[in-house]
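Asker: Sequence:
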Amino acid sequence: MKKEAGAAGGISFAEGVEFTPEQQALEGLAERAISAAALALAGNERLIVEAVMESASYEEAMQNVMELYPAMNMDRLAVILEASLIGAQGFGRFTAAEESGD
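Reading the sequence shown from the start, the letters are residues 1 to 102 in my numbering.
Note that these hints are calculated values from the structure, not bench results.
All C-beta atoms, glycine included, are put in the ideal place defined by N, C-alpha and C.
You may find that some hints are simply not true.
The calculated label-pair distances, taken between Cβ atoms and stated as ranges, are [said to hold, decoys possible]: (1) Ile34 - Tyr58: 23 to 33 Å; (2) Ala61 - Ser100: 50 to 60 Å; (3) Asp75 - Pro21: 40 to 50 Å; (4) Ile86 - Gln23: 14 to 24 Å; (5) Gln63 - Ser35: 26 to 36 Å; (6) Val52 - Thr20: 23 to 33 Å.
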């Protein structure tokens, strides 16, 4: 069964358009990468919200977030983004080679 464009994210710019299996695989890859990245950032997001909520002014909130930034863990996000880029590049090369007959 083919999914309709935008069905996974709830936003659709092309109602009724069905993806090819190849495009659906790419859409699934993007969806999984976005979900993994959101999970990787959840801890940092919580820390930022706490720093802002504990502040009495905009300036204090900015200072708290700036002090927090060096302690934030971006390692998992970097790994997820790198893996996503490598996967997308590989899929793009495969698709280009397949379409050109190589």
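Asker: If any of the earlier hints don't hold here, list their numbers in rising order.
Answerer: 3 and 6
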